[in-house]
Amino acid sequence: MAATKHEKRVGGVYLRELGGALLVYMVLLVAAIRFGRPMADGALRTIVLLSPMIGFCLGLWAIARHLNRVDEYVRNFLLESFALGAGLTAGLTFSYGFLETAGYPKLSMFAVWMVLCGATGLVCTVRSLRQR
Amino acid sequence: MKNRIRELRAGQGWSQADLAEKLDVSRQSVNAIETGRYDPSLPLAFAISRLFGLPVEAIFTPDQETA
Numbered sequence: 794m795a796a797t798k799h800e801k802r803v804g805g806v807y808l809r810e811l812g813g814a815l816l817v818y819m820v821l822l823v824a825a826i827r828f829g830r831p832m833a834d835g836a837l838r839t840i841v842l843l844s845p846m847i848g849f850c851l852g853l854w855a856i857a858r859h860l861n862r863v864d865e866y867v868r869n870f871l872l873e874s875f876a877l878g879a880g881l882t883a884g885l886t887f888s889y890g891f892l893e894t895a896g897y898p899k900l901s902m903f904a905v906w907m908v909l910c911g912a913t914g915l916v917c918t919v920r921s922l923r924q925r
Numbered sequence: 070m071k072n073r074i075r076e077l078r079a080g081q082g083w084s085q086a087d088l089a090e091k092l093d094v095s096r097q098s099v100n101a102i103e104t105g106r107y108d109p110s111l112p113l114a115f116a117i118s119r120l121f122g123l124p125v126e127a128i129f130t131p132d133q134e135t136a
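Chains as they are written, first to last, in the numbering used here: chain A, 794 to 925; chain B, 70 to 136.
I should point out that these hints are in silico values taken from the structure, not numbers from a laboratory.
Being a predicted model, the structure only gives us computed values, none of them experimental.
Using N, Cα and C, we set each Cβ at its ideal position, and we do this for glycine too.
Hints are not guaranteed to be accurate.
Said to hold, decoys possible - With beta-carbon atoms standing in for the labels, derived distance ranges:
id, chain 1, residue 1, chain 2, residue 2, range
1, B, Ser84, A, Ala895, 32 to 42 Å
2, A, Glu865, B, Glu126, 19 to 29 Å
3, A, Ala883, B, Pro124, 39 to 49 Å
4, B, Pro112, A, Cys850, 29 to 39 Å
5, B, Trp83, A, Met907, 35 to 45 Å
6, B, Ser84, A, Arg862, 20 to 30 Å
To be verified - For the chain B half of the interface with chain A, some residues (derived, Cβ under 10 Å), not all of them:
id, residue
7, Gly82
8, Ala86
9, Ser98
10, Ser110
11, Pro112
Modelling step: build the complete structure from the supplied sequences, incorporating the hints.
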């Protein structure tokens with residue numbers, strides 16, 4: 794079924810803004826790996842290695858702007874899904890903290906972000922399927 | 070909240086996508102409202118009311134009247 798004008802307008806702007814943020818993130822990530830890692834320890838190295846977060850923050854801004862553009866039902870659906878995804882992530886990472894005490898391998902904090910993305914995606918998918 | 074949107078929309082010969090287009094919302098919203106999964110905000114309820122030329126209370130009725 795073809796998208797309505799509202800869906801096309803909102804989706805198009807979101808894709809452009811999120812795509813731009815992802816591009817900034819990728820460029821800064823490559824630059825941080827290429828130039829930041831070999832640098833001597835210090836404030837400048839920390840800033841360079843942290844620089845991909847500028848792209849990440851732009852991504853968050855794109856998502857926040859998207860939430861302001863979508864209609865009220867979709868906003869409600871997305872915010873509920875984000876909350877459930879965050880709750881699921883908290884449960885999973887908290888559980889893994891206990892498992893680490895039980896001898897499971899220590900994981901990087903980067904894993905939390907991946908779990909959050911996976912949990913939120915899973916919640917959105919399951920809720921969308923249930924509403925069909 | 071119950072509503073007569075599906076019946077009113079069918080009366081006009083509109084699809085859910087047509088109604089979504091006229092209200093400038095997504096099709097998911099129209100579907101969720103028609104199936105009673107979502108109660109629209111007052112501004113959207115008034116937009117629906119204007120579109121069908123009926124008062125809000127002629128389109129939406131509470132599940133249970135409160136005192």
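Each hint, compared with the structure:
1. B:Ser84 - A:Ala895: 32 to 42 Å: violated (56 Å)
2. A:Glu865 - B:Glu126: 19 to 29 Å: holds (20 Å)
3. A:Ala883 - B:Pro124: 39 to 49 Å: holds (46 Å)
4. B:Pro112 - A:Cys850: 29 to 39 Å: holds (31 Å)
5. B:Trp83 - A:Met907: 35 to 45 Å: holds (43 Å)
6. B:Ser84 - A:Arg862: 20 to 30 Å: holds (23 Å)
7. Gly82: Violated: closest Cβ of chain A sits about 17 Å from glycine 82 of chain B, beyond 10 Å.
8. Ala86: Where the cut-off is 10 Å and the nearest Cβ of chain A is about 6 Å from alanine 86 of chain B, the hint holds.
9. Ser98: Status holds, d = 4 Å.
10. Ser110: It holds, given that the least Cβ distance between serine 110 of chain B and chain A is near 5 Å, below 10 Å.
11. Pro112: Proline 112 of chain B check passes; min Cβ-Cβ to chain A is 8 Å, inside 10 Å.
In summary, the structure is inconsistent with hints 1, 7 from the numbered list given earlier, while agreeing with the others.
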